[in-house]
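Trainee: Chains A and B supply the protein sequences, listed in that same order. The first sequence begins at 0 in numbering that gives the first Met the number 0 and counts up by one. The second sequence begins at 0 in numbering that gives the first Met the number 0 and counts up by one.
What the hints contain is simulated information worked out from the structure, not anything from laboratory work. All C-beta atoms, glycine included, are put in the ideal place defined by N, C-alpha and C. Please note that a few of the clues may not be correct.
[To be verified] Dumping the calculated EDC-like pairs for lysine to aspartate or glutamate here, alpha-carbon to alpha-carbon at most 20 Å: (1) Lys21(A) to Glu108(B); (2) Lys261(A) to Asp96(B); (3) Lys25(A) to Glu108(B); (4) Lys79(B) to Glu108(B); (5) Lys261(A) to Glu381(B); (6) Lys261(A) to Asp223(B); (7) Lys79(B) to Glu256(A); (8) Lys25(A) to Asp143(B); (9) Lys272(B) to Glu381(B); (10) Lys25(A) to Asp223(B).
[What the hints assert, rightly or not] If you want a taste of the chain A side facing chain B, the calculated C-beta under 10 Å gives, among others: (11) Trp3; (12) Gly6; (13) Arg7; (14) Glu13; (15) Ala17; (16) Arg26; (17) Ile28; (18) Phe31; (19) Asn90; (20) Leu93; (21) Ser96; (22) Glu256; (23) Glu262.
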Amino acid sequence: MSKWNIGRLLLLMESLVAKDLKVRYKRSILGFAWFLLKPLFSMVVYYFVFTRILRFGGAIPHFSLFLLTGLLPWNFFSSSLSGSTSSLLDNHRLIRSIYFPRMALPAAEVAANLIHLLLALLVLETLLIVFGHYPGLSIILILPALLLLTMMTTGISMLLSIGNVFYRDVKQFIEVLLLAWFYASPIIYPLDSIGVDIIQSDRLVQILRFNPISGFMEIMHSIFYAGTWPPLWCWVSLASWSIVLLAAGMTVFRKAEPVVVKEL
Amino acid sequence: MKPGSIRMKNVTLDYRLYHDRAVTLRETMLNFFNRKTRIEHFRALDDVSFNIEPGESVAVIGSNGAGKSTTLKILAGIYKPTSGTSNSVGRIASLLDLGVGFHPDLTGEENLMLNGALLGLNRNEMRKLVPLISEFAQLERFMDTPVKYFSNGMFMRLGFSLATAVDPDILLIDEVLAVGDVGFQNRCYERISEFQGKGRTIIFVSHDLEAVSRLCERAIWLHDGRIKMDGAARDVLSEYLETAGKQNHISTSATPKEWGSREVWFDSVILRKADGAPSCIFRSGEKIVVDALIKSRLPSIVDNIVFGFSIHRMDGETVIGSNNLEMNQPLLSFSGSVESRIEIDLSIAEPGTYLLGVALTDPKANLDYHWQEFFYSLTLLEERKDPPLRLNEAIWTQE
């Protein structure tokens with residue numbers, strides 16, 4: 000076997016990400032700007048729906064900024080999951096003709112989306128400052144939070160990419176799942192006291208905290224939108240889900256890899 | 000173990016074969032209740048062991064489905080053996096499929112830069128190699144063109160040049176050299192000879208037996224996942240060809256089929272060279288003689304029998320075919336038995352192994368007497384160069 004050390008793996012990841020970014024914006028006029036335009040468009044839509052039609056957004060000041068704070072990481076999360084689901088199938092020729100650690104394929108998908116997220120967060124922070132939401136010291140917590148979110152997303156991505164090789168239903172299912180997951184996550188509403196007012200059920204709010212992505216979303220709201228220190232439950236939830244899901248993803252991937260290569 | 004050596008010990012590899020393969024969850028559920036899904040294991044390799052020393056050039060031959068490609072995939076680390084061990088030392092370049100990492104929308108240069116990582120090269124190393132690679136592929140003028148506008152040959156050339164740009168200890172080649180024009184093929188073979196000259200290990204899978212005998216001194220013959228013979232290429236090849244000729248068929252994706260009413264039938268069919276020697280290897284310019292002994296169980300004279308033949312690729316695709324009716328030649332008319340002969344003169348554009356089929360029919364009466372499709376394997380080679388060698392000079396000296 001050719002030797003695969005960590006340096007070579009990073010090199011491969013880098014080139015897979017570079018390829019992904021190059022290909023994604025070939026022949027596109029707005030190109031890289033789409034990483035911001037997509038969540039901005041959805042923000043506008045949700046803003047009108049939830050302030051003009053359903054009218055609960057009014058309870059949250061600067062609702063559009065609040066929405067954007069959650070939509071950017073959600074966009075990262077959902078694009079990573081739907082993109083990596085088919086990452087093994089899409090690269091079946093490559094997998095069957097040269098050896099490399101195949102975990103790099105779903106992981107590179109997540110990494111490419113992470114780059115988008117980082118740039119988008121810079122723009123978000125600028126917007127927030129313009130509208131008077133100054134960041135507190137808690138902003139440094141974005142780094143560990145992003146690390147945990149990336150771990151969790153990578154874990155789920157690995158599970159999905161493997162699952163989709165055996166059952167093509169995964170690709171269809173994940174779209175529906177993401178739709179439900181979106182509304183079950185604190186993106187268009189918060190999970191604090193305002194959230195309880197909107198949802199009008201303390202019990203449901205407690206249940207929603209078990210959603211793996213809830214912790215991260217609330218951390219986002221705290222450090223970007225409110226400029227406060229995130230509550231402890233967010234960290235407990237996010238950290239435990241991240242470790243569990245990444246471990247599960249890697250274990251399943253390792254176990255299934257030799258079989259998957261022959262199934263492709 | 001030195002770089003370039005390979006040890007395969009008792010390697011067995013099973014594939015899962017699905018009957019009523021469930022591809023969706025719904026089907027799985029249904030099958031779970033009906034217990035319809037039977038998973039069967041297909042043994043692609045069965046207890047295969049061999050050692051290859053640095054600097055050896057080894058051909059792996061055998062009919063389709065014998066396990067040749069699977070062997071290469073295990074050596075390349077793509078498949079893990081179900082049992083047994085496979086070890087190799089040194090950097091491996093696998094030419095199992097060319098240009099696989101290439102993205103159609105990216106230019107030749109972008110693709111090279113981005114795929115170097117698969118070979119373990121970083122940007123700086125790649126930057127230095129790109130001119131050499133494009134020069135070898137003779138594609139310098141097209142390096143800023145998206146590869147989707149490349150012809151198939153250009154694409155393969157770039158893929159081959161990239162895959163062999165790094166000096167590997169072990170080179171795995173699977174049938175990929177059949178692409179490209181003759182000029183480029185020769186350059187490929189030159190590059191392979193270069194590697195041989197440097198003492199690199201080469202494993203070569205091909206149906207092109209002439210290339211095998213040219214490149215390799217050792218051959219491993221796989222049959223149904225087992226090693227049938229392992230030894231000097233000359234011995235293995237001649238044994239292989241003899242068996243392939245004797246056998247009515249080589250098991251392929253196009254499996255031999257036989258049907259018809261058999262009131263008139265082929266009792267025997269033998270392929271010969273023009274001088275009468277039985278053979279299944281023909282060169283361009285040599286006549287293929289099909290000698291058939293045809294028998295009839297009908298009481299009266301049968302006439303207007305059409306005797307046809309067809310030649311197919313190994314996957315069953317028909318290449319050419321004709322019969323005595325179509326070519327305005329005498330139809331068969333006999334009682335009891337008759338010996339009939341077709342002399343086929345082919346010009347061979349693509350050397351390789353083909354399948355010959357024969358048929359006896361009576362189109363007027365709409366009768367199919369006897370069909371033998373994909374029945375006889377033929378290896379067709381390029382023209383023999385005469386003389387194959389030319390002496391330029393020989394010098395004798397005495398000290």
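Trainee: So, against the hints stated earlier in the document, which numbers end up violated here?
Mentor: Of the numbered hints, 4, 5, 10, 17 and 18 do not hold.
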